[in-house]
Each structure stands twice: as C-alpha cells, then as structure tokens.
Amino acid sequence: MKIEIRDLNKIYPNGTHALKNINLVIESGMFGLLGPNGAGKSTLMRILVTLVKPTSGIVLLDGKDIQKHRKEVRKILGYLPQDFRFFTSLKTWEFLDYSAALAGMKNRKERLKEVDRMLDQVGLLEVRDRNANKLSGGMKRRLGIAQALIGNPKLFIVDEPTTGLDPDERIRFRNILSTLSQKQDVIIILSTHIVGDISSTCQNMALLNKGEVVFCGRPENLVNEAKGHVFKMNLTPYEYEKAKEEYDIISTIPVENGWEVQIVSDLPPDGNAVEIEPNIEHAYVYYMEHKIHADLNV
Amino acid sequence: MTFLHNILTVAHYEAKTLRRTWFFRLFAIGALFIFTMLNIGLFSPVGTESWEMVSIPSALPLINLYLLNIGQAVVVIFLASDFLKRDKKLDTVEVLYTRSVSNFEYVTGKTLGILRLFLSLNVVILIIGLIINIISKTMKVDILSYFEYLLFISIPTLIYSLGLAYILMLIIGNQAITFFLLLGYAALNMFYLWYRAGSLYDYMVFGMPLYKSGIIGFDNITAIINQRLGYFFAGVSMIMASVILFKRLPQSRLHTNLARTLLVLCIIGSGITFYNTLNNHLEREKLKRSVIEINRKYEKSKFPSTTSADIELAHKGKTIEAVSMLRIVNDNDTPLESYIFSLNPGLSVKKVISGNSDIQFKTDGHIIEISPAKRLEPGGYDSVTIFYSGKITEAFCYPNFSDDPKNNRYRIAMVNVNKRQAFLKNNYLLFTPESHWYPVSGLNYYPSNPARIKVDFTKFILKAKSDKNLKVVSQGIPGEEGEWTKYSCPFPLTGLTVAMGNYVADSITVDSVKFISWHYPGTDYYKKDFEELKDTLPNLISGFMKDLESGFGVAYPFSCLSMVEAPVQFYSYPKSNTQVRAEIQPSMVIIPEKLSTLQQAGFAKRFARQKKQMARNNQIITDKELKVRIFNNFIRNTFISGRNFRMVNGVLVNEPTRYLLGPSFYFFRNNFYSDEYPVINAVFESHLQKLNEPAPAGGPGMMAGNLSDNDRANLILKNTSFKELLARNPSSDTMRAVLTLKGDCLFNYLRYKAGINEFNEWFKNYIWDNSYKRVNILKFNNDLKERFGFEFYPYLEEWFNGREQPGFIFTEPDVTTIVVDQRTRFQVVFTASNTESAGGLFNVSFRTGGGFGGRGGGQAIMSVTFQGGRGGAAGGGRMMQIAMQGRGLTSSDISKIVYLSPHETKKIGVVLESQPRAMQINALFSKNIPGELVFTIQEVKKESAKQKPFEGEEIVQEIPSFTQPGEVVVDNEDPGFYRSATSKMNPLRKILSGNKEVAETYQSMNLFVAPEYWQPVVQNTFYGRFVRSAVYTRAGTGDRYVTWKGIIKEPGYYDVYAYIGKAGAQIIMRGAGRPGQAGAQPGRPPAGGPPGTPPPPGDQSGEPARQNPYKDFHFKVYHDDGMDEITIDYETADPGWNKLGTFYLSPDTVKVEMTNQSEGRIVIADAVKWVLKE
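Protein chains in written order, with our numbering: chain A, 199 to 496; chain B, 33 to 1206.
Excised from the complex, chain A in its bound form (with noise of 0.2 Å):
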C-alpha cells in the first residue's frame, strides 16, 4: 500500500491557509507526523480520513483519490482523532460492537467474538460492561485504540495519541503500534508533537511547520542532520542566565555549584562544552529553531 500526496493545500473559509503545497509518499509501515501546535497535523490527518475535503491537490491511496473513492478508504480505515470520547450511555463492548458493525461485520457471534477478543488485547475485557464515564483516561484511550483497531483496518490513523496519558500507558500504546506494525501491508500514520514516540516506533516521518514539510525522510537522518551541534556543559548560576540568552537549552540538570546543561548551537560554545550524539529530540529542535531559520536567511 502507498499513499501519495500532492501539491496538497486547505485553506479554511476564515482564510487560515493551513496546508501549503504537502507532497509526500507514505508506504507501508509507521510513519511519523512530527511538527509543532498548530503545523497543519491534524488538518492533513482529517483529510487522509475523509472528513475534510482540500482546497486542492490530490491524495491518492494506490493510485486511487481518497476523496472519489471515499467509500473504499473508509473500508480500511482505522481512526483514532486526537480528542476521543464516545457516548457515555453505551457500555465498553457495545461502542465497539457500534464500531465493528460498521466496519462491516454482520455476522452477530463473529462480532462480539471479535470485539472481546480486542477488549483483550488492549486489557479493557475486565470493564466491558462498564459506562464509558467510568472508565479512566488511559482506559478510554485504549478503548479508542480498539475501536479503530476492530474490523482490522489496513490504513491506520492515529492523531496525538500519547497524549496526557502516563509512562506505562504510552509504552503499552506504542507496543500495540509496533505489533501492528509487523502486520503486511498496513500503513499506520502516528501524528504527534511527541518527539519520543516517533523514534521508538517509525520507519518514516515528516515533520511539519507552518502548514508545510519541511523534513521527510528516516528519523536517523533527522537525527543526523543534528550532529555536532548538540553540547554538554557545566555553568555557573551567572553562566547559565547568560547562556539561556544565547542559546537553546535543552535540558538543564542541576549540580554542585551550578547546572548541566545541554544546548543547541550551531559553533561548539566557549568554555567547557563537549559535544555529544544527539539524539531525536536535539534533532527536532536544532531543526526546527536552526535549521530552518538558516535556510529562511539563506
């Protein structure tokens, strides 16, 4: 399976132009969409799910365009939006039983075989008869991942899913991911503003800023694009004032007699400053606040 993306624009009826000129190619595996609040995310994932049509440009599902073949992408189609809750009268099983049945299973016993057996495997089979309302946050996540995991979906769309959930949830959440992954054939799109979860999961990501691509390719390569310009140093509490001025600080861990600091920079920083291998998060950052400010001036 391919998805190809081109020349894709949405411009909002109140002028918003949140996405300009996206080309992309997504293959089979994850793919990650990395890009800060507001970089067009979740516009370019509601387009890939069919809910919104774009201004222009073509998404093409092997070769077919989503938007005149609707009816079949909606067939593959597994969806996690990224603010999920569903209808706090209906139990567990019957939302998903909701969800399988539109996902095409007619057959009664298959289908509530099929949804305990994914209750299960998102470790919801205990609370299948409990009301949506009492289910914890990282309960109705999973939930959400199951609901779109029913009917065994070949495309998978999942926008910020880690989010606000705690460090066991999110391990658990990315491992469904990576099983899923394995599968032949399948496309899972991720899109996150949480650098961590791409690098443990993606094959591929794109990183968006403003509405545009401004990286594609493997999260290696964006991690190399970083290197020798991420370094470790130790200041002094007047050093470190001085330094959150001139550089982008990372993160800060304190010492005796001041602060380890890792920083951004482009040259290697006067004094102590060692380089060190950077790893995603460097690299999303020394990107998104060097790189392509370098390349604007350039």
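If you are wondering where the hints come from, they were derived from the structure by calculation, not from laboratory data.
Bear in mind that the values here come from a model prediction, so they are computed numbers and not experimental data.
Hints may contain errors.
[Unchecked claim] Below, in silico cross-link-like pairs of lysine to aspartate or glutamate (EDC-like), each with a Cα-Cα straight-line distance of 16 Å or less:
id: 1; chain 1: B; residue 1: 938; chain 2: B; residue 2: 844
id: 2; chain 1: B; residue 1: 48; chain 2: A; residue 2: 327
id: 3; chain 1: A; residue 1: 251; chain 2: B; residue 2: 126
id: 4; chain 1: A; residue 1: 273; chain 2: B; residue 2: 126
Assemble chain B onto chain A, guided by the hints.
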C-alpha cells in the same frame, strides 16, 4: 444487504443511546404512569367510564394516541435536534463518520432509531389501553383501530417533526434556537393554525376529526389519508434534504442520488396530498359561496308548493338513482311561469316529464328551473316527474357555515368528530331533507334574510331499494313492493328522511303511537340495562308523552315516532330560520350511534354509582325505582328539556340539545308566513315551541355573571331594530336569543290585548284547525280581528323596525291578606314606571305554595340574597329566584301583562287565592338587565280594616324616585365612571392564554382567571338603574383603578358610600343536577349547573369552604381636606351600600377612586354615592 445492515446498526444504537437518556426516560416513565392512570380513570370499570368515552371502542386508542402525540411531538423535537447537536459536539462521531456508512444510511438509521423508540412507547401505551379495553365489560374491542390510529396519528407526526427538527438544526446549527422555534411552531399550531385551511396545518392532528364510527368506520378516510400522507411525505422529504445537507463528506453517489430522488418524489407527494387537502377545503368553501350566490339570484322568485311527492330511490353503492313525482300547487297570488326547485348539486337531472311528455328544464347549480307548457295560475295544480342520479354534496346543506372543526365544535371528550350531514356509502345511506336529496320547492338558505323559511307540508310516498340489501328506514307506514320497500305517510311532512343500513327494529305501541327503535345489531345495550322496566315501559312512555302534550297544550300529531341510530359523525348546524335541527324530523329522531354523545346514556354505570351513593346516604330505593329514575332523567334531558352549556366569546350560552321533541308540536305541523316579515315563522316557533319551564334560560350562568338569553338579546337590540339586526346575518346563537325575545314580546302583546286566557284558548284551537297548512300572517291578523276586535299587524311595524327600548323601575310588592267573599285572599300591590320614551310590556307571575321545585323537579334554582336600596329597582328585592315565564302555547303561569306608555307610572294590584312566595317579573324587550326579576315575598301583612281588593292598574303621577334628595349616585354605567387604561398584555401570552380583551361587552365572571382589565359583568346583586352591572378585575398591586366623579351643588358634610353587591357570595347551589332532572326536593335548592359556575363562598353544604376570591377593597375618597384611604373588608361588609366615611365637600366635582389592590383574587367596582348630611 450492507445498506440495510448499516441502517439497522445505526438505528439500533441510536435507539439504545436515546433510551438511556434521562430526558427520554423521564418522558417515558411519565407517559406510562399518566396513561395507565388515564386509562384506568376513564375506561376501566373502576374509573368514570363516561359514556361518550366508552360507548364507541375506537375512542380508547384515539384518546390515548391523541394525547400522547401532543407530548411526543414536542419531545421528539428535542431529541432530534439533540442528536445533531451531539454529532456536532463529540469527536466520537468522527470515528463513526470515518466508517463506511453513507450519509443516507446514517441519517435514515438515526431516524429509524428515534422512531423505533417512540413507536415502542406508543405500542406499550396502546397495550395498556388494550388490556383495559379487554377487561372492561362496557367496551367492545376494535383492534383494527389501534393500528389505524398508530398509522394516522403517531407515524406522520413523528416523521414530520423529525424531518423539521433535522433540517432546522442543519440550517440554524443551534439546538436551543431550533428547539424554541419548533416549540413555537407547535404552539402556533395548537392555538391558531390547527383548524385553518381544512386542517392543512394540523401536523399533530390536534383538531383534525379522526373519530371512527362503529357503523361506518372512518367517514373521511380520503381526507385523513391525504392530510397524513402529506405530513409523512413532507417529513421524509426533509429527512432526505438532511441527508443531502448533512455535514459529512458523502461516500455513495448512489445513495445521494437515492436521497435526491426520494426528496423530489416526496416533495411531489406532499405537494399533491396537501393540494388535495387544501383543494377539498377550498372546493367546499367555494361551493358554499356558489350556493349562496345562486340562492341570491333566485330568492326573490316565486316557488310552487309541493303537496305530494312519490319518490323512487335506488341505492347503488356510492351513487343513487331516483325519480321524484311531485304534485305542486301555486299558492302565490301571481301565476308561475316556471317551477323552481332546489336539488343537491351532486345530483344531476336527466329528464323532467309532465304527463307523458318531456318538458324543458335548465339547471343552475342546484337550481332546476322547469318551464311548463303553460303557466300555472294561482291556486292551480300541476305534476312533474324528475329523473336524477349522482352523489350528495354535503357542502350544500349549510352554505352559511364553515366546516372547519373550530366553528360549532362537535367533540366527544376532547377529540373532534367530523361533522357530516349525509352519508352515501356502500354499506350505509342517510339523507335528511337538509341535503335536498329530492327536489324541494324552495331554497335552503335565503342570503338576504337568513331567518326566512319556506315550509311545505307534503304527503310523501317513498319506494326505495338498495343493491347492497340494506334495510330501508323512513317515515310513515312501511310495506313491501317486490324488491322495493315502500313507506306511505298518512300525514303531511315538512321533509322526508331516509336511512339504509343493517338496521334491526324494536317497537312498542303506546296510546296509539308506535315507537320504533331502528338500531344496529349489538347497540341495543340499554335493553339489558332496563330489563326490569319492560312491564312499566308503556306507562313511562305514556307519562312522557302526556307531559309533553300538556306542556305544549296539543296532542302529539303523528302516529309513530322512530328513533334511528346514525353514525356518530352525523351533525346538523343550528339554523337561523328555525330552531329545528336536522336530528329531529317529523315522527323521527336521528340519534347518535350507541347514544354516544349523550352523557346520561351510560345507564349501567349511572345505576351503580347512584345506588352506591344512596346506600351511603342511607336512602332506600329499589333497583327498579332507581332505574325508572335514570330512565326518566335520560328521556327528559334528551328529548324534552335538556340543554347544553358552552362558552361563546366569554359568554355562557345554553343551547337546547339537538334531540328535543318540541318541533313536533309546532314546526312540523304549523306554518305562518309573511312576505313583509319573513322571520315571522321563526318568531312564532321560538315562542311557541318551548316548554314553559321554570328553569331559567340563563339562570345558572347568571351566578357567574352570565347573561340570560333575554338579556343578551336586549343588549344586542340596544339602539338596533330587529330588521337591522337581521340584515347583519347574525350568528345562530344571537338569532335564537333575539327570536325568542321578539316572540315573547309579540305574544305578550297579543295576550295583553286579547286577554291571557281568552287568547290562549283561541290560539290553541286556531293552530290545531290550521294543522299542515301554510297561514299567511295577514289572514291570521284578520281572524284575530274578527275574534277579538283588534289588529296586530300594525304593531309589527314598531316591533320590527323600532329601536327604542322601554326601561322599567319597580317597587317591591306589598302583600296584605284581605277577605273577599268571606275567604282570605292575598292582595299584592306594587308600582312600575317606564322612564323611557318608548312604550313597553312586562309580565308578572307568582310562585305560590311551598318550595321552588319545578316541573319534573330539580330545576337548578339559585337564591341570591342582598339588601336593596330605597324603593327603586336598584338593589331590587331581597331573595331572588331567577326564572323565565310566559312561553309556550299556553303560558298559563302569567298572572298579568302590563303595558306602560313612555314616562308612565302605574300602581298594579293583583289578588291571589293562595299566598305568594315570590313575584316574578319578565321585563321582556327593555333596557332592564337582567330582565327577569324575582321579588321574594318574605312578609305578608295582616288585613287592614275594610281594605277593598284592588285588581288592575291605576296610573299614578308620581314616579318612584331612584335616588333621594341630597344624594348623588354614580354607577359604573354612568358617564361619571372611568376605568384606568387596560394593561398591555404580551401578544404571545394573549394568544396562548386565549384571554381576549372584551372589556366593552358583558362577560361571564371568571372567578378563577380574572381578566387583567376592568371587565363589565351583570348580576342581580349589583347596583344599576336598568343595568345591574359592575366591573371586576384581577387583584394586583393597585396599578389598575376606577374613578367615580359626581357633581355636588351644596357645600357640607357628606356621607360617602360604596355599593358592595355580594356577587355570588350568598349563592347556594346544592342537590341534584341539571334542569329538568328529577330528584330535587321542594324547598331544597339543587346543585349542578353549567361548567364555570363559581364556587359558592359561604356554602352551607357542609363541604369544606373554598377560599373566597374577594377580600379587601381599597377606596380613596377625595375631599376638601385632602384624600383618605379606606379599606372595606368584603367578608364583613353589608350587602349593598357601605359607608366609607363622612367628609366635608365644597360644591364641585367630587371623586372616589378604587384600585385593584387586594389580598383576594378579584376586586369589584360598582357604584358610589354622596349623601348630604342634614
């Protein structure tokens, strides 16, 4: 399959979601509770089992769904708009929107879900009703009607409400606004639109007649289907529009196109069905206008009179074929060039023959104009035979009445019943003369003079057959002639009625009159209820007939009386030219199926209830006696003297029941006509056709400040002549009241001139001698002159064209015992003055002996206690019993009729053999409101020495003073009385409350919801020279006030008084029931009375006292030293004048104000007086 699967899935979960909402749960639980109670209370054996509810089985599902539908039509609006709101609000639906479900499937599924939920509730409530229905021993089960009403009432309303809610929600996007808009629309429908345009706007069938007859089923099925399908289609089209406008990207072109196609088809469907509904209504209205216009063209024509008619009628399913052989006479004084007949416009004339040859004719709508070979000279006879066929167009029957359900409402319980004037169906036929199903030589309505009527006394022979083998019922003696059923009438009739159906007959002959009950099998439930009366039935019937005959002073003129059961939808409008309704025909009464509209016809329930009540009161009565009593009550209240009370524009109107047998004693036998005064027959009829009842025409209502018919008529005729009034084509209620008053006036004049007994005796013989003849009023005038030596025709000029009314003032009667011929007699003397510039009559009668029990016992008699002013009529007598006297053929109760010329005063003396308890005066046509006065005589003075009896009239020069020297009185009727401007009411509140401001006319007093303005009201207890009225309003903070302004000429100290007419405060109404009802005991006033009768404060009945609506009244007295505020406590105030204080006043305009400030609910303002202290 996926299509259905998706729809059902969405429907399933939508229903589940909604079912679990608190809003629906509360509604459902509430509805289940209310309807269970309602069904138990109304229909079960432990409930009221009101006969009108339980007699026709379809009433149960109808009333259940009718009420539920009003509730659910509102609730569904909220739930439907809520679903769209939820969809908009929750991201949950995004996960559903990304599923492979088309918008069509999604919206349809949602709709089905909501529908399923509501229909389930409907079904559960119907099952509850069905269980009660099955348990009930009184009701039969009409299982089909349960489905029919679900289909006709609930489904179209729900679909339409859903569609409307969706589309508005999609367009407006705000649930609150949508909800309130739709709620407003529902309210607008219920209060304003529901009856308009042939029920076109009535989406929740709030007023559309849906009543199903047990005989013919739905009579208006096409109209029902059209209107309901219209809303069904409109609902579906809006749902389809919602599919198209739904804010989700569509995924199926096929489904979108399906929605578009359905949208177009449903718009077309609703267009066609709504067009049919509207067109049907417009066509009826158009036809009515056309009938009036055609009648206008022909009303000046001369008509022949039909002396005999041989009619052959063949019923052919939904059409008829008929031949009428008519023998006519020209009783005009000029030759007839053509014969004009009126035939129902649905029937078309094929040919007309005279002798054996065809003769020319032309038709103009319903008019057939036949051109005979030679003109018909006055007094000449001719015969014509008319061949015709077709259907009956009912809109023709009452062209001056709109058929909308609001006018002349015909309801059973709370649901409207369709008003039908004729039936022509495969399984049933009913034609009355009003439908002109045979050629009638005259018009059914004379537009220039609606009071005009042409009555022919015709000898009918009917031969009828039905291709459906239906039993033929008509008037006369039945016989068989091959396949024809033949009815020959031995007596002339004013019209012929025919019914065909699966009738069976029961008959009994009493005193040579054959009484036949034509009914449908199974509807003769009363036979079982009155099984024990079988042997006494002839005696009972004989008693009734003798009562009737002695009441009217003549014998029942026919040899039979048929009671023909007709579908409940049969209804006649009241006419302006006669009080005879179509339900009463010569020797025939058309009664509603299973007596369903007659409340007293639930005999078994009444028996059980009364027996229980009697046991509770330790009254011993046998079952048979009780059944006799129930039977008597029913017969009297239905056929002899029953009345229906209803409110018309705030005034209580008591309309005679539709089945009174009165017309048999005048209208069906006699006719007086006049070219100059065409209303004369209606006037004669109004006066003569009434039993002389002690029951007041408007009596019960007067306790609520309601006007009697006489008073209403006098107010209507204030400054208006009878002729001018007729030209305005007044309503039938007005006509009835005015005709009766004018009839009373005319006959009192005749009796005054000829002598009461002399005239009565002569007139009784006169109308008997002229039975079945049309009598010209000029001939009557000549005959009268020959017998009594005076002409009354010249009097008619003033009677018809005069505008002035006399006004009478009476002193209280002075009663003394005297000895005449060595026997004690009672001398009554009183003075009467006519202070106005028109002469007038009043009559006097006396109640003697004990108690006030009237004919048949148990008239609703009210007593009002108050203390009067000095001498004058104002404040009048003391104990009053309101009654009406001097009507009917005999009017034997009148003791004296007095004529007073303008500004004339007479001392009047009457010598009575027995002690009078009360003197009743009927001021007839006058300014006196109320015009019927009763002076209770509480003191009889001992004889004075050598007092000579004084019997007769004596003109006196001194007019009794209305006020005393030094008194200035300002009444609310006087120019010095001012009301503060009426408060402005919110227009919406005005529509919803129906509280129309009618502050310029007298209304019934509403003690529960008093108006927010000063409303004039008339009661005997109030002060007034001629009109005893006051104004009342709802108590408040003092924002409304009235002012009395008088002019004083002398300075000095004045006592200032306010008149407190203790309205209704001393009313005592207890005992047993309705006018004419047996069972009241002499001396003990019975209870009952019309709806709206106020609670009796100070009731002595032993029941818990209800809160008095009157408490403190606040006055402001302006005087030379400023202003004093004075409060009068109603409870402790004297009835009549109450002193507010003594104040010094200089010659000038003096003023007293009263505000609406009060702790009570109501304040009343009447009169104020200033009395100079000596």
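Hints versus structure:
1. The straight-line distance between the Cα atoms of residue 938/B and residue 844/B is roughly 13 Å, inside the 16 Å bound, and the hint therefore holds.
2. Our distance criterion of 16 Å between C-alpha atoms is met by residue 48/B and residue 327/A, whose separation comes to about 15 Å.
3. Proximity of residue 251/A to residue 126/B is assessed by CA-CA distance (about 14 Å); at most 16 Å being required, the pair is judged to hold.
4. At roughly 14 Å between alpha-carbon atoms, residue 273/A and residue 126/B fall within 16 Å of each other, so this suggested pair holds.
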